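Whole structure, please, built from the sequences with the hints as guidance.
Line order of the protein sequences matches chains V and A. Per this note's numbering, the first sequence starts with residue 1, numbered consecutively. Per this note's numbering, the second sequence starts with residue 1001, numbered consecutively.
Since the hints were made in silico from the structure, they are not lab data. Bear in mind the structure is a predicted one, so any value in this text is a computation, not a measurement. Fair warning: there could be bad hints in the mix.
Keeping only pairs whose Cα atoms sit at most 35 Å apart, straight-line, the calculated DSBU-like set for lysine-lysine is [to be verified]:
#1 1772/A / 143/V
#2 143/V / 1565/A
#3 1471/A / 1565/A
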Amino acid sequence: MRIEVSVNGAPRAAEVEPRLLLVHFVREHLGLTGTHWGCDTSNCGACTVLLDGEPVKSCTLLTVRTDGHEVTTIEGLWSGTELTPVQEGFHQEHGLQCGFCTPGMIVTGTAFLERNPDPTEAEIREAISGNLCRCTGYENIIKSIRWAVEHPARSRESRVGSRE
Amino acid sequence: MGATRERHTLGDRMLRKEDGRFVRGKGNYVDDVQLPGMLHSAVLRSPFAHARIESIDTSAALELEGVHAVITGADLEAQGLAWMPTLAGDTQAVLATDKVRFQGQEVAFVVADDRYIAQDALELIDVDYEPLGAVVDSRKALGEGAPVIRDDKEGKEDNFLFFWDAGDKEAAERAFQEAEVTVRREMFYPRIHPAPMETCGSVADYDVSTGQMTIHMTSQAPHAHRTLFAMVSGLGEHQIRIISPDIGGGFGNKVPIYPGYVCGAVASLVLGHPVKWMESRSENLMSTSFARDYHMVGEIAATKDGRILGVRSEILADHGAFNAHAQPGEEFPTGFFPIFTSCYDIPAAYAEATGVYSNKAPGGIAYRCSFRVTEAIYLMERTMDVLADELDMDPVELRRKNFIKKEQMPYHSVMGWEYDGGDYEGALQEALRIAGYEDLLAEQRKAREDGKIMGIGVSTFTEIVGAGPGKQCHIAGIEMFDSAELRLHPTGKAILKLGVKSQGQGHETTFAQIVAMELGIPAENIEVREGDTDNTPYGLGTYGSRSTPVCGAATSMVSRKVREKAKRIAAHMLEAAEDDLEWTGERFQVKGSPEQGKNMEEISFAAYTDVPEGEEAGLESVNYYDPPEMTYPFGAYLCVVEIDRGTGQVEVKRFIAVDDCGVRINPMVVDGQIHGGLAQGIGTALMEVIEFDEDGNHLNSSFMDYLMLTSMETPKYELGEFVTPSTHHPLGARGVAESPTVGSPAAVVNAVVDALSPYGVQHLDMPLTPDKVWRALRENGG
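Take a look at the structure:
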């Protein structure tokens, strides 16, 4: 089937099998490997992307369903050297260890703060409860999202990952 | 906001250098590896726990467009590859030839253009099975008439695997005869799974033109895996390169070699294409190494006032269909279980274990645990509470009475270990202070009056981590040292290459901090590389909390070797005798003339531009560190739970963890490791379990039924810091990441049993799911 979909702001046209899962489309057809495949059952959220701004689990969404819609992956959240406050928050608060769940967490957290710019801890816990993390025990992830709340401006002078 | 421009060294809460790629989605995991001409694969797995294979017909699958190969056990048998050795010295079927021995066992391997076609092809393979009776409950494995699982072994007529014992049986027997009080408790540590968020996988890339095999794989031990690949495949070790890229969590799951890796390599050799193998979540949960699965009996003999005279334990160990136990050598069939006397001064101890085969996935590995220490500590800490209950004594008081005193260090346990310092009383005191123990007890009395079901549980323990020493601990004979190679470049920037492999532990940051402290250059200027066998020194890998104890020590030692040479160069630069120089931590300077000195940046430049006569150019070294002893991190944990009377749901209200891992290289990373380990330990206590029906069908083969803690169930952790430097480590550091998984399950169970004690409950086996707790309440009138 032929689909036309906007991915990270760029129009994409593709011929795909009806059964192709969105996670495999973005990873293997588009080479956007920041979206991860962690389970097959929508439980872990490592594959979370935004569909028209709403977080969805791309491991259980057929690619053809995105025809005419907008998909945003982790790679679409930042540009150049600039990180979003949520990304920066994960660095500042040690919100990641192995990094495998991190893109899904950041995508979920970003969409959540759009809706609720000043959440309580309990609200953050609920917001990320569809994303599993096996490394951090969640506490620093909650702090990371909270960090973003307290530092809403895009971090212009971020040096995360830069090496002297 | 960005990271501050401080110069970081050991002891700083330095933000992680590796974060940049991960928060951008630019990590490079095995499944992200895309190579030109790469083919995909899928594994046909057994639907039965135990069945004879009558025939396999792959012809229809081979005819499917896009399928390149279908490999069966018979194909591998022709190459002598149908079976492979396990880390425990057993054999494991790569692809089944005669029988399948657990549900999910590998039967055929399909290689195709993409993963969808490969999956389609699985449907077209016709296997004729003759189902056999299955051994599911290890307690029936040795029973009369139990089907023999390993009849591939000549003369094998039962499911017996091993018998092991340690300690002084007679001395323990005497202690029990003479004791005023004895307690005995049976308990089961259920089968669980490490379940890292990234499953296992590989991309095997055989280059026909050069004869080189490169395998990108989810490996916690790339060097050891390369050696094992060479031994099994017949390829030269120099022709194999293992690249372990970013690893999405390991926790022991990525220590063994799995059939998928071997099949991928064989397929790439045969087809001349790179071949990717990547498990689904169900495949990961069903077929890769499980952990625990120990039926245990704990016994304590004591005086009336709570002084322990002896302990005994008896284990029935289920190792699955193939013994793929991860352990530091065959001499340790129960790993480091002999640490079970823990932080207590116990004069007599004896432990014995019987291992059996069953029709379940092979294992068991050291899931976030230094080789069965989790089981040992759970047994001890649960039995301690049983004794406290019997004596009607505060569990805290009972532990205090039996702690090894800090004055007794270095303590030699009756089981033969030498401890490297510790203050167990001090750590417990700190945990009680944070908890406000007296107030908590008052709160519990009040809660009970109000009809609430509240419990308090404690767990105090020592771990044992950092295998070697090489003379005691090995993998397939290779001694468990580890290594670091350090090179300073002309501008004073350094590259450090390690024999270990991070799976999220933050090595790129913490190991740079060690060099920074040793050489006085900022950690920001040190790049850490690991996971590529062509470009790092030989090491045994990351598991059993051994990175800091062994490789961290190697990093210290290699830095000191570099500093020795730097001193000679500095002497030349300063025109001074070496003996007249002193190291300030930042630079070498002439004693008595602090204005005359050279720092490592200046010395590095001279190493390439102005070396003294007779000295080689360059500034680099390598160290292979064989630890003289292991390290013994310890902790004191306290858990507060509340139970919903209507549903049996356990809520962890508070969790206090005081850990002593010696000198902390990066306290932020240490805290992060403890958080994660606590979540896994609490999850183990409350919800994680792999179970089977009586036919051996797996009941928890997806994340819909293998439950792990989410952000909703995790408490806010209350951590305390306690530092007693290790006397077994050049930096005074110990491993830490496994202490929380070792110590926390018992704290949770003790808290739940304490909560339920007014209803006559003395013990419940994990996981403490709502239905189990609700039933226990109901049966006891709660």
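Now the hints, each set against the structure:
| no. | hint | result |
| --- | --- | --- |
| 1 | 1772/A / 143/V | holds, 34 Å |
| 2 | 143/V / 1565/A | violated, 45 Å |
| 3 | 1471/A / 1565/A | holds, 30 Å |
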